[in-house]
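Participant: Following the hints, put chains B, C and D in place on chain A, whose structure we already have.
Chain by chain, the residues run as shown.
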Amino acid sequence: MALLEIESVSVVFGGLAALTEVSLTAEAGTVSAVIGPNGAGKTTLFNAVSGYERPQEGVVRLDGRPVTGLPPHAISRLGLRRTFQNGGLFGEMTVLENVMVGADRATRSGIPGVLFGLKRHRREERRAVADSRAMLARVGIDRLAQARVRDLSFGQQRLVEITRALISRPRVLLLDEPAVGLSQAERDVLATTLRQLAAEGIAVLLVEHVIDLVMAISDRVLVLNFGRVLAEGTPDEVRANQAVLEAYLGSA
Amino acid sequence: MSDPRRLLWPALLILAALPPFFVNDYVQYILNSILVYAVVAIGFNIVLGYAGQLAFANAAFFGVGAYTTAICMGRWHWPFLPALLSAALVTALVGLVVSLPALRLRAYYLAIVTLAFGELLRWGYIHADWLTLGSSGLPVPAASMFGISLASDRARYWLFLCLTALVLWGSANLLRSRFGRAVVAVRENESAAAAMGIAPALTKIGAFAWSGCVVGIAGAMFALLLGRINPESFDLSQLLLHFSLVMIGGLGSLVGSVAGAVVLTAAPELLRNVAGLEEIVFSLLLIGVLLFMPKGLAGLLSRVAVLREHLYLG
Amino acid sequence: MLAQLVVSGIGQGSIYALVALGMTILFRVTTVVNFAHGELFMFSAFVIYLLLNAFDVPYLLAALAAILVLFVLGSVVERVLMRPIRHAPHMALAMMTVALSYLLRGVVRMGWGGDVRSLPPMFTFDPVMLGTVVLAAQDIVTIGATLLLVAGFFVLLQRSRFGKLAQAATDSPRGAALIGLNVPGFHRTMWGVAAAMAAIAGILVAPVTLLYPDMGAQVLVRAFAAMTLGGFGNLGGAVAGGLLMGVLEQLAGFYVSTAMIDIASYIVIIVVLLSRPAGLFGRVERVRV
Amino acid sequence: MRMRWLALGAILAICLSGGAQAADPGLTKNSIKIGVFGPLTGPAAAFGKAQLGIRAVYDDLNEHGGINGRKIEVVLEDTACDPAKGIAASKKLIAQDQVFLLHGGSCSNVVMALKPDVIASGVPYVVATAANASITDPVAPNVFQTVATTATMGRTMVDFAMTKPDAKRIAVISHSDEWGKSGHDPALVELKTKFDLTPVADVTFERGSINATPQVLQIKNANPDFVLAFLYPAEYAIFLREASKYGLNVPSMGSQAISIQDTAQQVGNPAIMKNVYVFYPLAAQIGDAKIARWVDIFTKYNPGVRLESNGLLGMGGAEAVIEALRQAGPDLTRAKFLAALDNLHNFDTGILAAPLEFSPTHHAGMNGGATITYVGDKLVLIHKFTDAQK
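Residue numbers (this note's numbering), protein chains in the order written: chain A, 7 to 258; chain B, 152 to 465; chain C, 2 to 290; chain D, 1148 to 1537.
This is chain A alone, in the form it adopts within the complex (with noise of 0.2 Å):
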């Protein structure tokens, strides 16, 4: 069975069926992206899949394991990580400890040993700042290292969540529209690092407006419209679909 398996997923905000019976699986390993129109319905999903909304009906699996209705941090406990379309950093903290936060889900020290500042802890921490610098340099903001995180351009904060998203070693990865407001070459450092991500086993799931970065890079893609499936499948299968081309890029 995949790693992440979403199940007719539905969810209704006061009546109005935000998501209707939605499925998708993603794999370890793979791309996977979900487009549509604004108010699709894509964040809300995206929010069912990590907690933050309860469905109304279907089921959420990570391993095989139901996971509808955790709260958000205990589903993240479990591997799954996620980016905000936007605010989704600490504002008054510096990139370097943004990062760190994510670096500390890998620390196991306890409060006694921190409190008396024992080696084996102090040692963590040097190891944290030390991976989280690594990191940052990987994805190429390392010279922001010191810099408040409110100060930042848009583009320079998503690239720091999507750094301390990877720091954190996710299994599954959603990343709420990661190249808005990204140069072109902050793109296809973004692009590759992807791919490289996948390669490294771990579920990408992608919503994105940027097609041919979806396009480029996508195992599977999923199109949403007013909160149903539209279709779903590879690139190309998707691209040549009828219905999406009348529904999403206009007729041709």
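Careful, some of the hints might be misleading.
Derived coverage of chain C by chain B (criterion: at least 3 residues anywhere in the stretch with Cβ under 8 Å from a Cβ of chain B; other residues may be distant) [stated by the list, open to error]:
no.: 1; region: 64-72
no.: 2; region: 153-163
no.: 3; region: 218-225
Cβ-to-Cβ under 7 Å is the rule here; a few derived chain B residues that face chain A [claimed, not checked]:
no.: 4; residue: Pro252
no.: 5; residue: Gly321
no.: 6; residue: Leu325
no.: 7; residue: Ser328
no.: 8; residue: Arg332
no.: 9; residue: Ala336
no.: 10; residue: Asn340
no.: 11; residue: Ala343
no.: 12; residue: Met347
no.: 13; residue: Gly348
no.: 14; residue: Ile349
no.: 15; residue: Ala350
no.: 16; residue: Gly439
Calculated directly from the structure, the hints in this document are not laboratory data. By construction, the Cβ of each residue, glycine as well, lies at the ideal position given by its N, Cα and C atoms.
Facilitator: For chains B, C and D alone, coordinates are given in the frame of chain A:
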């Protein structure tokens, strides 16, 4: 070679241990008070600065710590150390209880509930005569630790210095670890913190418990400092002082908290004898900080390079 | 006995309602909870005392002057203290009002020292007897003034254009500014109005109570209880909450023990906020991700 | 060579330590330094007028040539009725200003907090107007009280109430703070032990509250013959107004902090004052020739400060200090001063209602006090309820 900055703190500690040899009892008492309020400010800053929770319960924590110590030593004749530990523990539990509403209530509601809680506790001190001797005050018998008598201000100073250093060091370690980052992350963006696997509720509870524990220790020190505890000491004016310590010292800064304690404990000694002057000077300082220097003294201190390294601005 | 307690409770509660009303109006428009409202109430009583003793003017004139002085003070406070930090987090705004309460108390203590002062009773006609129930002149005036003000504010905020603007300025300050409403100016007026409300409460209460710098704190906590009980930001709720608090205190004091009077408001605040944060009439704010 | 240094060091040490024994600190050829402290600021600042009265007596003494050739140098410190500030004030006076003796304290909680260190320091300490009986019980060699203790006041008030013909039903209303409690508790003990009675109503009334309806109605329900009130001036006036509003026209007695002229002004209705009695520690009411000297001294050295009984209350203690200094003679030491105080017997201070009586085992100097009330519009000092009815 360990870098020189590691020697900064031990050197400061030795330097701080010297004054008792030079000062008279009055100045010694003021120094002891400064250490008590430094620990109060550190404890309160954890909830107000780092966790960003507008909680008005700090004077209540201070009272619980003082009364627990006074009761353990006065009525049950415990030596000082077990009384201190029980004060820290009991106040940490009270902190935990106070954190429960914090999970559901936003800014103003939390402030008002904790304000009511503090006043309810003080009413309890007054009316629980059988335990606290009510408003006639509860004496704290002479204390000793490991055989050393704590009767003299000088002995108390060294004890308070160790406690302050311990609290400062422990808090710095905690705040510069994944726990500290989790607390600040929850303050900055609760849903993003959850996405990183941080449990917001547990983190807030932890922050309140640690703050309670620290302020409980300060309460125990206060009981030793005065030698007698009575309910009026933990009223709204005490809370106003705690707020001034943290806001003027610097929100979210340990060194700022200590700086706030030094300034605001020494200042009243200079403003003696004039009705209302202390209140006016404190409020103008507070207004000045809020308008022009939001980071407080910490903001000022952080311009000094060597301090910025050790100034955990969180 | 019960009737007497209820009547006296309503008289007392209407003072809490007046203070809570002033705080609620300010909260609704500027989302700021004014921790210095008790001190504004105290300060207005001292202003009247000063005018009566220094200039020997009739009480009514002194009262009107006090309302004006407090209105100006409220506006100055908004302009000088609150506006520069209006974008700061809630904590800074709350702390500024705490600092203001500290400042007012210090100024009054320095000016008038610690002596307890008193004002001659405003109305000297005898109490009205309703059967065995004694209704003092002061209570009648306080209750009357409260009802008058509540009605006035309801009409002002619910019906008039001014009220619509107030609502707009609260819901989306940016939106209101777009349609040409001078939002900061509006806030300044509301601070003035709230301070004037505190003065009205001060005028009504000063003759009943006695004046000293620390008389504000007691009333502040009762006003909080009233606002919490009635639902934060709900005008009718604040007044109903105030009256309920007044009666509750009297009944608890008589039937349970007089020591209960002091903590009735603390218990109400804790119980209501933990069980039903929206209070009796408020609406539950839903925090969206 | 080394021996010489050792000897020099030893001599130096002796001189330094020796010097300290010769003369007590705070004493020079022509001046005696006295540390006066009390609540000059804060909510209890009204009680701080006692300190102004004390300083006025010493200033007046200096103008009349001082004592045994020495003038009195007063160092005034504020405690704001807060224990932490009180301890700081007393330590400053002892360690920094090095005063010869301490004379101050009007809030019992503050005095109880600073007492242990003062006893340890051995500095003579004459308490100003703090009245809690436990200040001089157990007795400390260097601590003396010069006003009626709360125990004495409680007893006197109960005894006075019982002088009302066939008074059986006594009600009590008090604050729950230290001040109220220290008056309330001894009164109940006296009622029980001497008259085997318990109060028919015992209600609390919090400082700063502006409505006393539940309290008045509860007391009225118990239809008492007499009400004992351990309340601050403001709250006592509110209680009296509410009592008359609800028809509780029963004699009531206020405690030592109440100045009856202020209460009359705050109540604003002479009819109510007919039933009001106040424990009065002074020898006569303000305006009576008997204590005119002290009234003039107070107003002369405290221009612009409104005089009330609190201002005069501490002056008796100042007279006792002056008397003890005089008896201790020109080559004054702390030991001699304490000995002089210890055998001050039946000392009439002129200002206090009762003489001061000290002994090595009894340092609560004043036991007893008068009662003051309005007869018509004239203030009268009486000792029995029936005196006022003539």
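Participant: With chain A as the partner, please determine if Gly321(B) meets the hint condition of a C-beta pair closer than 7 Å.
Facilitator: 5 Å, holds
Participant: Tell me whether the statement that chain B covers the region 218-225 of chain C is true, taking a Cβ distance below 8 Å and needing three residues at minimum.
Facilitator: holds (count 3)
Participant: Just to be careful: measuring from the Cβ of Pro252(B) to every Cβ in chain A, is the smallest value less than 7 Å?
Facilitator: 19 Å, violated
Participant: Hint Asn340(B) vs chain A: min CB-CB distance below 7 Å?
Facilitator: Asn340(B) check passes; min Cβ-Cβ to chain A is 6 Å, inside 7 Å.
Participant: Have a go at the Ile349(B) hint: is there a Cβ in chain A nearer than 7 Å to its own Cβ?
Facilitator: Check passed: Cβ of Ile349(B) comes within 6 Å of chain A, closer than 7 Å.
Participant: Measuring from the C-beta of Met347(B) to each C-beta in chain A, is the shortest one below 7 Å?
Facilitator: 5 Å, holds
Participant: Was the hint right that Arg332(B) lines chain A, CB cutoff 7 Å?
Facilitator: 5 Å, holds
Participant: Holds or violated: the hint that Ala343(B) contacts chain A, with Cβ atoms closer than 7 Å.
Facilitator: 5 Å, holds
Participant: Less than 7 Å between beta-carbons is the criterion; does Leu325(B) satisfy it with respect to chain A?
Facilitator: 6 Å, holds
Participant: Measuring from the C-beta of Gly348(B) to each C-beta in chain A, is the shortest one below 7 Å?
Facilitator: 4 Å, holds
Participant: For the hint on Ala336(B), just tell me whether its beta-carbon gets within less than 7 Å of chain A.
Facilitator: 5 Å, holds
Participant: With a cut-off of 8 Å between beta carbons, are at least three residues of the region 153-163 of chain C near chain B?
Facilitator: Violated, because only 0 residues of the region 153-163 of chain C bring their Cβ atoms closer than 8 Å to Cβ atoms of chain B.
This entry does not satisfy hints 1, 2, 4 and 16, going by the numbered hints stated previously.
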